[in-house]
Amino acid sequence: MGPLIPQGIITGQWDFVIALLIGFAFGFILEASGFSSSRNIAGVFYGYNFVVLRVFFTALIVAMVGLLYFDYFGWINLDLVYILPTYIHSMLLGGVLMGFGFVIGGFCPGTSFTAIAIGKLDGIVFILGFFVGIAIFSFGFPLYEDFFTAGDMGNITIGEILGLSNQIVTLGVVLVALVAFWGTWLIEKRVRKTINPFKF
Amino acid sequence: MNRNYIYLSILILILSAGVFFLPERDNNQQISPEELMLQIMQPTHYISTDAVAEMIIEKDPTLELIDVRPIDEYNEFSLQNAYNLPLDSIMAEGYQDYLGIEDLNAVFYSNDDIKADQAWVIAKRLGYNSIYVMKGGLNCWIRTIIQPERPEETASSEDFELYNFRRGASQYFSGIEIEIASDDSKSGVNVVRKKKKVVAEGGC
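In the order they appear, the protein sequences are chains A and B.
Counting from 1 along the first sequence, just add 1050 to a position and that's the residue number in my numbering.
Counting from 1 along the second sequence, just add 12 to a position and that's the residue number in my numbering.
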């Protein structure tokens, strides 16, 4: 059945409607997970709060495993799912810059908008800086275009780079995630004197 | 640690191990002959030369023109910003990169409909969507856009509007200054404008 737009089931004009709906849901989950607080986000770098790592790792492994089952049931054709091209040099530099922005500003782009939604001043300042950054990047793009597109590896996946099947990569990431959940739990217990785990 | 976390961890571990037991799924299913015939019969995969001209003039970012004629004919004349994907190369490695690009509508054209239609059927069998054929090909393009025929004096205002659009498009693509026809032209007053020097556009 899916993906819906590449299969021609719905037209590309639905992009924005779907993005809006996903945006609402994503923003709601971010806020409900406490990501509008920069303390929760920056805490991962100081070693007292790993909720960001756990939430995003959980989303990642659920999506990975879920997509493989969806493919098996014929609900999605994984061959038609668009894979972003990998520009390894600019992506590595971008990752480092993003990490610095994360720990200095206390937000990532998505969570800064949820912070604005609940009226946080630091979120507003972050977003102002965010747009200044976009402007600098956009207007200065010709200066570093060659670097941006260097190291083009094409639309490649981790499995293709390592020569492993999707199943092995998925199991590997799940194992890493579970070890990370357990490890961060131990670190949090040692660092924080009072810890109230979320009950469900 | 909360026991529920342990249960969830075990569940995701079992599910991720379970993917090894899923049989390989053949995702390269081709369109069925019945479905293909149905789509060939429908005129919705045709797009008129007027619509293509309008999209080019408006610089529609979703338009991707694909010339399926041989490369020498393409070099001689092609539409603005068109890519060359010769019909005999459509199966070759690397050429299909032009097809299946997200948010782009690929419009095939050739001198007439035949080669473009063949390319459309092959692309459809290869599983591509958002592909169209420019109805009438370049012959129709020349007839309707570059050298449009003036409608009869008794023609409707819609015909004159279409004619005026085509004359405007003709000027855009060929760079030749034209006179604008209207219903008032029946009075016999022809406004002949001074010719301007316009740089030819349109990939010619």
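If you're looking for bench data, these hints aren't it; they were derived computationally from the structure.
Owing to the predicted nature of the structure, the values given are computational and were not obtained by experimental measurement.
Treat the hints with care, since some could be wrong.
As the list claims (entries may be wrong) - Far from chain A, some chain B residues (derived; all Cβ distances over 12 Å):
#1 25
#2 28
#3 33
#4 45
#5 66
#6 86
#7 100
#8 104
#9 117
#10 141
#11 164
Unchecked claim - So the derived label-pair ranges between C-beta atoms look like this:
#12 B:30 with A:1135: 29 to 37 Å
#13 A:1051 with B:154: 21 to 29 Å
#14 A:1131 with B:20: 24 to 32 Å
#15 A:1213 with B:47: 45 to 53 Å
#16 B:20 with A:1192: 45 to 53 Å
#17 B:154 with A:1203: 41 to 49 Å
Note that CB positions come from ideal geometry on N, CA and C, so glycine has one too.
Any hints from earlier that this structure breaks? Give me their numbers in increasing order, please.
-> 1, 2, 3, 9, 10, 13, 15
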